[in-house]
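**Q** The primary structure of each chain is shown beneath.
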Amino acid sequence: MLQKNFKKALRGVIASSLTFISGPAFAIDLNMPVGVTPMSHDVYDLHMYAFWVCVGIGIVVFGLMLISIIWHRKAAGHQPAQFHENTVIEVIWTIIPFIILIALAIPASKVLVDMTNTSDPDMSVKIEGYQWKWQYDYLQDGFSYFSTLAADSNAASQLDSKLSPESVPHYLRDVDHPMVVPTGKKIRLLITANDVIHSWWVEDFAVKVDAIPGFVNQAWIKVDKPGTYRGSCSQLCGRGHAFMPIVVVAEGWDDYQKWVAAMQTSHGAFINPATLQPEQNGSPVVYAPAELNFNAPTPAPTQPIAASTPVAAPSPTPTIAAAEVKPAGKPTVAAAKTWTMATAMARGKQVFDANCAACHMADGKGNPAMGVPAIAAGPIPNGALAAHITLVLHGKGIMPAWGNILDDADLAAVITYERNSFGNHQGDLVQPAQIKAAR
Amino acid sequence: MYNTADAHHPEHPSGIWRWITTTNHKDIGTLYLCFSLLMFFVGGAFAMLIRAELFKPGMQLMDPLFFNEMATLHGLVMIFGAIMPAFVGLANWMIPMMVGAPDMALPRMNNWSFWILPFAFILLLSTLFMPGGAPAGGWTMYAPLMLQTGTAFPFTIFAIHLMGISSVMGAINIIATILNLRAPGMTLMKMPLFVWCWLITAYLLIAVMPVLAGAVTMELMDKYFGTSFFNAAGGGDPLLFQHVFWFFGHPEVYIMVLPAFGIISEIIPTFSRKPLFGYTSMVYAVASIAFLSFIVWAHHMFTVGMPLSADLFFMFTTMLIAVPTGVKVFNWVATMWRGALSFETPMLFAIAFVFLFTIGGFSGVMLALVPADWQYHDTYFVVAHFHYVLVTGSAFAIMGAVYYWLPKWTGHMYNETLAKWHFWLSVISVNVLYFPMHFLGLAGMNRRLPDYPVQFTDLNQIVSVGGFVFGVSQLLFVACIILCVRGGKKAEAKVWEGALGLEWTLPSPPPYHSFTEPPAANLIWAHPYQND
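In order, the protein sequences belong to chains A and B.
Quick note on numbering: our numbering labels position 334 of the first sequence as 334, and the sequence is numbered without any gaps.
Quick note on numbering: our numbering labels position 487 of the second sequence as 487, and the sequence is numbered without any gaps.
Watch out, some of these pointers could steer you wrong.
To be verified - Computed from the model, here is a short list of chain B residues facing chain A with C-beta under 10 Å: (1) Pro144; (2) Phe294; (3) Met336; (4) Gly441.
Stated by the list, open to error - Cut-off 27 Å, straight-line C-alpha distance, at most; resulting in silico cross-link-like pairs (DSSO-like, lysine-lysine): (5) B:Lys420 with B:Lys489; (6) A:Lys365 with B:Lys56; (7) A:Lys396 with B:Lys490; (8) A:Lys162 with A:Lys110; (9) B:Lys56 with A:Lys74; (10) A:Lys162 with B:Lys494; (11) B:Lys223 with A:Lys74; (12) B:Lys489 with A:Lys222; (13) A:Lys186 with A:Lys74; (14) B:Lys490 with B:Lys190.
Unchecked claim - What the simulated footprint calls covered on chain B by chain A, stretch by stretch (three residues with Cβ under 8 Å from a Cβ of chain A suffice, anywhere in the stretch; the number is not a length): (15) 199 to 209; (16) 313 to 323; (17) 389 to 402.
No lab work stands behind these hints: they were computed from the structure.
Just so you know, even glycine gets a beta-carbon here, dropped at the ideal spot from N, CA and C.
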């Protein structure tokens, strides 16, 4: 107990002194965060322990070197000794590092055994990495959704963007739909990937696990404190590697249950066209995800998504109510949704910016360097509609099979958008029923 | 540089043909060193672009994909184009002179192993102009991401095959020279440490370069011949690539640092005017490091989800490497202890090496602790670690070696003032460049990011400024070399007061064929490493 308090106090002193040093000068702490899980505390202690051991060795070795450099100079008239071996001292300085290493290895092994013990979880969440987004699948609760870079970060990160990253709150560390977990529960994370290797890292949890296509890795977290924790993909995964952040919201059990209930109703915020707001006062339609407000059981006014886009006022015009709970990991087939040209184009733009722009670029010019064809004046959006739908549904080469990721309504919207924007004027309005028929 | 009208070869061609057809160890050593200097600036230019883009958050200069191409090529060019050829160049120049031989054992193969390299790098760099761009999957070329490379893919792999062939041939030549051409009386345990380190490095090269060739060939098969080595859907495993790659990759780390250990073990005794401390333990330490390097590879993969037992095994073996490495550092410090130190440029680089390489070693021990590695892995903490061991380690050792032996090669002293400017600008800027990377990594900045959250801006700007100053400072290095080749104070045979070893018994510059007759036995017995 005493030892634990002492440790806590020491940790506080170190953290605050480092903050004091860094506080006035830098925007970040210069040290690893202590974090909010039991494991992250252990890892922090191990890190500081190893750090001080290194400092100690450094003082001895560098100190001896400095003494030599200062006193044993030829310019100071020092005459060289001629000794060149001493078995006793050589044995001693082989054994001492060995002992120091054992003293490091024992606590490290203890923490490691604890970290890899994923048994007896209270719940499990499957996390799947995609180029370049994350999918969270709540296995027990039967819903899943995608989490992509927030629209304002996305806009500001474009090469020709006029938006300054400084003006975006949580630039590159914000998503449209965060992962939500309850506090105080042992949660097992099952981590995999769809295309290439990604790595799911939230520093405050001390969890970094590679997401490998075809294999499922495990980790566990138990978050002490409610709050919003931010992380990112840490394994190079292609062009969008810097642009697939992780946001985890930890909240009390009751709030979490409300969120789960809301998610089960909407079965995934990402694919819920019911929240689409109609056009108002000529301003662009904004996709306003009511699910983002976790603490209120009823839909509440929402945050603006893009700084430059005005928010439409909430208005009671949901056209459909899809109440079906979908099986985990599979896209939901939205019920009899019918698009008008205006709603399809508005929704299509959002789907395009969130999913397609990473490769086809926000201006639809494609990325010839990567072998990605243009949408603007491209052969597919200006060719036969059936071929366009087939390509988007089933993918080809590095083009993913979006039929597995997006629902019919979003697919219909984005195909409509692609055929009628970036200078394309095909005039088609694709309906979800057509996508369903083409699947 | 040296007397080209040598009596033994009055008719060897002049001009460009001399360099294309040469089988002389000094000519080939010069070619290797010039090539590596050129590649150092090519890889450095890529790094400058990376640091320019990272000066501010947001994308300013390039597409994220081009950034990934730069990061990939920077790694490949620096490792295979700058550091490895520089060490082979030093081996070519120095090993025959240090063991008392006239030339390398296999001179024609020597010519070929160098002349493969320019073609390999023309192939690699030409991918920048291909549709789909240069490879962008990182120098580690992990599957399945690497399989998304466009036209550049087969060219990159063929370039790597060529580099591997060149390295293996160079290594065979070095082993053959050391084992067969030593002067009578020079037993293995009387060899200079640079020769010992290179002998062990050459065995590492022969052991692991074919492994790399195998790994990238499997990727080639997966992409073009329908195999599924790394494709889970076809029964393969993406992790197989990482295991095979790092079975090459970790010994490769020591391939890039063991010759540096050898150089430092030559320079420190010379300027301490005192024999190397613990010669025997140095040899055994290098041999142990080489052995251990084969059983630690998975410490590059602690986050891939290995079984607990594997994590523990690789953690313990990795920590074990600190023991022989520590022995080497202690021996260097003990060599300096109670010597009569002077601080010419080679010694400055050697002292900086011991300081800064040790810092890289400390972060290495921290990275070995698996739970902590989960936080450090793939962040700028790792970038800081391996640049401390490769830039302030290997590259500083190479620069020290060039200043140490340049008077021997050219017959002229270099400009000490200019060289000291080069050293001090480099050593200060390199720490401004790499030290803040530790903090960025701990605060959560991943490596290989074209763009980053705004809270990392100020430290990234410091890092970039350090990078630009370090880059520009290297022009002084070129200036020093060019001025020294062109002229300068005449160098004596024994350039440095405290220098011991056979190379200093030859005139500066040495004759075209180093030792046409074996050196007298008493010269070898005067060697600093004798124990009696």
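**Q** Hints first: check each against the structure and report whether it holds.
**A** These are the hints, each one checked on the structure:
1. Interface hint status for B:Pro144: upheld, as the beta-carbon distance to the closest one in chain A is roughly 5 Å, under 10 Å.
2. Restraint check, B:Phe294 versus chain A: the minimum CB separation of about 19 Å is more than 10 Å; hint violated.
3. For B:Met336, the shortest C-beta to C-beta distance to chain A is roughly 4 Å, which falls under 10 Å, so the interface hint holds.
4. A distance limit of 10 Å between C-beta atoms decides the matter here; for B:Gly441 the minimum to chain A is near 9 Å, and the interface restraint holds.
5. Using a Cα cut-off of 27 Å, the hinted pair B:Lys420 and B:Lys489 holds, with the two alpha carbons roughly 17 Å apart.
6. Straight-line distance between C-alpha atoms of A:Lys365 and B:Lys56 comes to about 25 Å, which keeps the hinted pair within the 27 Å bound.
7. In summary, the hint linking A:Lys396 to B:Lys490 is not supported, as the alpha carbons are separated by about 68 Å, beyond the 27 Å threshold.
8. Of the supplied pair hints, the one linking A:Lys162 and A:Lys110 is violated, its CA atoms being roughly 51 Å apart against a limit of 27 Å.
9. Distance hint between B:Lys56 and A:Lys74 is unfulfilled; the C-alpha atoms sit about 48 Å from each other, more than 27 Å.
10. Restraint check for A:Lys162 and B:Lys494: the C-alpha separation of about 64 Å exceeds 27 Å, so the hint is violated.
11. Distance check on the hinted pair: B:Lys223 and A:Lys74 sit about 62 Å apart at the alpha-carbon level, beyond 27 Å; violated.
12. With a CA separation close to 70 Å, the supplied pair B:Lys489 and A:Lys222 exceeds the 27 Å bound.
13. As the CA atoms of A:Lys186 and A:Lys74 are separated by approximately 65 Å, the hinted pair breaks the 27 Å bound.
14. For a cut-off of 27 Å, the pair hint linking B:Lys490 to B:Lys190 is broken: about 31 Å separates their Cα positions.
15. With a cut-off of 8 Å between beta carbons, the segment 199 to 209 of chain B has 0 residues touching chain A; three or more are needed, and the interface restraint is violated.
16. Beta-carbon proximity to chain A at under 8 Å applies to 6 residues in the segment 313 to 323 of chain B; the threshold of 3 is reached and the given coverage holds.
17. Using a Cβ-Cβ cut-off of 8 Å, 0 residues of the segment 389 to 402 of chain B lie near chain A, which falls short of the minimum of three, so the contact claim is violated.
Of the numbered hints listed earlier, those contradicted by the structure are 2, 7, 8, 9, 10, 11, 12, 13, 14, 15, 17.
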